[in-house]
Structures are given as structure tokens and as C-alpha cells.
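Now for the letters of each chain:
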Amino acid sequence: MKNNLRVERARVRMTQQELADKTGVTRQTIVAIEQGKFNPSTVLALKMARVFGVTIEALFELEDTD
Amino acid sequence: MKKYRLLDHKWQKIGFALFAISVVICMVFWEAIIFDLFPIREGTPIDYSPVGHLWATAIVFLLIPISFVLMSLSQEKLEDERIVETRHQILARIVIFFIVLVFIKFTVNIFLARLLSPVSMFLYSRILNYSTGVTAFIGYYVLFFKLSLWRQNRELSDEE
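Residue numbers (the working numbering), protein chains in the order written: chain G, 1 to 66; chain W, 1001 to 1160.
Hints in this document: simulated from the structure, not taken from any laboratory. Ideal Cβ placement from N, Cα and C applies to all residues, glycine included. Just to be clear, a hint being listed does not mean it is correct.
[To be verified] Derived Cβ-Cβ restraints for the label pairs, each shown as a range:
#1 G:Met-14 <-> W:His-1088: 48 to 58 Å
#2 W:Phe-1097 <-> G:Arg-50: 55 to 65 Å
#3 G:Lys-2 <-> W:Arg-1114: 34 to 44 Å
#4 W:Asp-1008 <-> G:Thr-55: 29 to 39 Å
#5 G:Thr-55 <-> W:Tyr-1130: 52 to 62 Å
#6 G:Val-54 <-> W:His-1088: 29 to 39 Å
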């Protein structure tokens, strides 16, 4: 699964720690998601979308291999 | 969202403190404890009864399981879904590892035990009994879980 988390974070000038605090996870979890090493749950994905004010589809997209 | 009911993080610290106390007791009375665990004199096992004659061994055998249980059942400082997933993965691997260990134990019992000398058999059976017990199972879980978290945090801490 591809994600635009890093791009969205850069857009609103938010650090990983700030995003982690807003979504209730550790900074390492944010890094893992950005690197594609961990797929978030629906709840966490929705929380992230809400933080950035975008839809889930704008943050995450399925790849052909998924 | 459905959450796990684990003990508060402070219990992990208490568990770690109890484990540290057991390690100190082991270091101070190591010779007596080893003799209590493997009572062999002049090449002959002198006692086949369960261990715990020595107060230090009894305390260690009580403290270590309690500390392992506290460490395994208490949550991390911030227990998020990545950590919960890591718990599941480690638990699944430990179950497989444990099944293999128990399989080895029985295989060796059946095919190799008669080839061993009485002392080797005694040592082997005690070591296998300790390493395939419930305490060992929880201990493997705590060890591998902590190692996995440490490795993940190291790999995922560089970026910003």
C-alpha cells in the first residue's frame, strides 16, 4: 500500500512527533507507516485523514501487488 | 476500538526490578544455586527431588516467574497498534519455537537417552525441564518481544 503521509505532513509543516501525538501512537509507528513497513488500521488511517483534512484515499492507495 | 486489558506500565518496572533482584541473588549465591539445580557430587547425581532446598534458589524460583508474568502482561509506555501487532507476531513465533523444543525433548528422550551416561542424562533432563516449562515460555516471550521492540525502535528512529 502506497501512502502520501510524508507529502501531507510536509504540506502542513508537521513533524512526525506532532502527528504521533495527534493520533495517539508512537513516532516510530509514524515512521513505519511512512516507510511502508506497517499498514495502519482503519481507525488510525481515519484519524490521520482527519488531522490533515483530507480523505483516506488521498492519504493511502492500493497497489497492484496488494 | 477494542483495546487490550493489560496491566499499567508501572508493573513492567516492578517486574524488571524483581528480575534484577533475582539476578543479584543468582550472582551472589551462584555456586550454591547451581549445586541446588544440578546436585552432582564426584560424578554422581545425589538428589533427584525437585529443586528448592536452598532459600536463595526458592526465592529465585518464585521471583523469576512473577517478574516474567508482570513484564509480559504489562503494557508499554504508549501501547499502540504496531506494538500490539508485534506482540501477536512474537507470541505466534514463540508457540512454534516451543512446539519444536518440546518435540526435540521427546525425540531425544526416546532415541538418545539410553546412550547417555547417568550424569549426562540427569543434566540433560534437568536442563530440558527448565527450558520447556511455563516460566521459560513466558521468559522467551518477554525476551523476544523486548528484542523485537528494541530492533524496531532502532530502525525507525533515524528519520524526521
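Hints versus structure:
A C-beta distance of roughly 30 Å is found between G:Met-14 and W:His-1088, which places it outside the suggested range of 48 to 58 Å. At roughly 41 Å, the beta carbons of W:Phe-1097 and G:Arg-50 sit outside the given window of 55 to 65 Å. Between G:Lys-2 and W:Arg-1114 the beta carbons are some 60 Å apart, a value that contradicts the proposed interval 34 to 44 Å. Distance hint check: the CB atoms of W:Asp-1008 and G:Thr-55 are about 37 Å apart, consistent with the given range 29 to 39 Å.
In this structure the hint that G:Thr-55 and W:Tyr-1130 lie 52 to 62 Å apart at CB holds, the actual value being about 55 Å. Take G:Val-54 and W:His-1088: their Cβ atoms lie about 30 Å apart, and the range 29 to 39 Å holds.
The structure fails hints 1, 2 and 3 (numbered hints given earlier, in ascending order).
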